[in-house]
Amino acid sequence: MAKVTYITKDGGRTEVDNAEGNLMEIALENAVDGIDGSCGGVCSCQTCHLYIPEEWIGKTGKAGDDEEAVLSSNEFYTSRSRLGCQIQMSEKLDGLVVEVAPSY
Amino acid sequence: MDSLQDPFAEARKKCPVLVTEFQGETIPMVLRLPELREAAKDWQTFSSNAPRRVPIPSEETVRSVRQYPIETNPPEHTEYRRIVEPFFRRPLLPEVKAKIDALLEHLLDVAAGQGTIEVIQGFAIPLQSYALTYLMDVDEKEAETWISWGTHVFKQGDGESKGAFMEQYCKEMFEAAEKAPGNDFFSALNQVDYQGRKLTMEEKLGYANLAFAGGRDTIIQTVASIIAWFGEHPEGLEFLRKNPGSINTACEEFFRLFIPLTHIGRVCPATTDFHGFQVPPEGRVSLGWFAANRDPDVFENPNEAKLDRKPNPHVAFGFGIHNCLGAHHARAIMRGLVTKLAQKFHSVRILSQEPHVEVEKDYRRSSGYQKLEVSFVPLQV
Numbered sequence: 001m002a003k004v005t006y007i008t009k010d011g012g013r014t015e016v017d018n019a020e021g022n023l024m025e026i027a028l029e030n031a032v033d034g035i036d037g038s039c040g041g042v043c044s045c046q047t048c049h050l051y052i053p054e055e056w057i058g059k060t061g062k063a064g065d066d067e068e069a070v071l072s073s074n075e076f077y078t079s080r081s082r083l084g085c086q087i088q089m090s091e092k093l094d095g096l097v098v099e100v101a102p103s104y
Numbered sequence: 001m002d003s004l005q006d007p008f009a010e011a012r013k014k015c016p017v018l019v020t021e022f023q024g025e026t027i028p029m030v031l032r033l034p035e036l037r038e039a040a041k042d043w044q045t046f047s048s049n050a051p052r053r054v055p056i057p058s059e060e061t062v063r064s065v066r067q068y069p070i071e072t073n074p075p076e077h078t079e080y081r082r083i084v085e086p087f088f089r090r091p092l093l094p095e096v097k098a099k100i101d102a103l104l105e106h107l108l109d110v111a112a113g114q115g116t117i118e119v120i121q122g123f124a125i126p127l128q129s130y131a132l133t134y135l136m137d138v139d140e141k142e143a144e145t146w147i148s149w150g151t152h153v154f155k156q157g158d159g160e161s162k163g164a165f166m167e168q169y170c171k172e173m174f175e176a177a178e179k180a181p182g183n184d185f186f187s188a189l190n191q192v193d194y195q196g197r198k199l200t201m202e203e204k205l206g207y208a209n210l211a212f213a214g215g216r217d218t219i220i221q222t223v224a225s226i227i228a229w230f231g232e233h234p235e236g237l238e239f240l241r242k243n244p245g246s247i248n249t250a251c252e253e254f255f256r257l258f259i260p261l262t263h264i265g266r267v268c269p270a271t272t273d274f275h276g277f278q279v280p281p282e283g284r285v286s287l288g289w290f291a292a293n294r295d296p297d298v299f300e301n302p303n304e305a306k307l308d309r310k311p312n313p314h315v316a317f318g319f320g321i322h323n324c325l326g327a328h329h330a331r332a333i334m335r336g337l338v339t340k341l342a343q344k345f346h347s348v349r350i351l352s353q354e355p356h357v358e359v360e361k362d363y364r365r366s367s368g369y370q371k372l373e374v375s376f377v378p379l380q381v
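As you go down the protein sequences, you meet chains Z and D in turn.
Counting from 1, one number per residue, gives the positions in the first sequence under the working numbering.
Counting from 1, one number per residue, gives the positions in the second sequence under the working numbering.
So that you can see chain Z by itself, here it is in the shape it has in the complex:
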């Protein structure tokens, strides 16, 4: 089963084995600091903002139009930004390490 690791803003690591669901849901289930998932995953808020390492973007894919439109107002937006709710965990993402983006 797939494993994902979250690096939080204070440098902490949360490793989740057998991760299922999207990266927002997995973060909430494992109390990852800095992820609120406020809108529940409908791509309306920015409270599951993650940075994806360059080398993983080919596998996670880039943000879709709705996601890009929501993210682009964020002052911490970068070319590595994604909303966790829009990335479904799968075997092909086994070993993924993501950073929780800064927020206010």
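By construction, these hints were calculated from the structure, which means they are not laboratory data.
One thing to keep in mind: the hints can contain errors.
Said to hold, decoys possible - Covered stretches of chain Z, going by a simulated chain D footprint (3 or more residues, C-beta under 8 Å):
{"id": "1", "region": "30-40"}
{"id": "2", "region": "49-61"}
{"id": "3", "region": "68-77"}
Heads up, the beta-carbon is just placed ideally off N, CA and C, and yes, glycines get one too.
Starting from the known structure of chain Z, arrange chain D on it as the hints suggest.
The following block gives chain D in isolation, referenced to the frame of chain Z:
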């Protein structure tokens, strides 16, 4: 007038903005979602550094204080917002969420026991008022005073302004908290450091003003609109009983459709071309949240409630740096409400209704209820 109607449909087809008039002031309202987002992001061109002039119509006659942090720009806005963020995040705490759920349980049981209930006065105002005591971490008894303020803390039906009364109440709360500090909102604002100094009373009153006014009629009218929608759509309750995993998406859809706040203003410090309309210096533009939430290029069948709509990139809580501080609170209340309505009731019977209709020069919009009398029909067990 149907709350699902879109009075901006024709205007939106022709142009991204509707140039209209509010109390004699010509203001272009942006109607399409992409254009609205662009404007909401650009806080330098479309400024919030405008005390009492961010709402449309202006609130210069109904309050004396500037609202913090919403009526400020970065960089001050960032620090002003950070000061109160911990309180507005309290609804995410399990113990606060549990209190909101217990409150809903109690109020719905009382409503069902009474047979009929007027939703605004008998349910939504007490719900909003008691829930706010949990956010502000003050004694529940304070809610009794807040309930007496009615739907809108500034004006209610007769047009009489109650803003001064609320400001006096808040001033007394800050003074009392100075003498006997606790962990509450008022004590925290008394103690906080802002740029190496204490907040002034004007600033503290500005925060309190936003806390009381910003989430008042918005929550009350969203609650009423949801209950009324279930009155016409009992199948929605059944769907959510069978699909409790859709509670969150259903609530986001209700936020999108029933947003009580039609729009909000921004001030242009310099002459600005806004989609062909020249805004003069200190002139205003309107960010049309409601209209953008019905943009058919973004939302398929935009005037229908699709309870499992996903994605749903609505702007019911605004967009950009000024996005709604109270969004966590609103979501906790509505998710709790919808969950309990589905668990407890077969249907909602609407006995009488008096919609609240916003009448402006170029549009009429149903944005909630003056009165809504219903009875809740329990599930047969």
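Okay, the hints, checked on the actual structure:
| no. | hint | result |
| --- | --- | --- |
| 1 | 30-40 | holds (count 4) |
| 2 | 49-61 | violated (count 0) |
| 3 | 68-77 | holds (count 5) |
Hint violations for this structure: number 2 only, all remaining hints satisfied.
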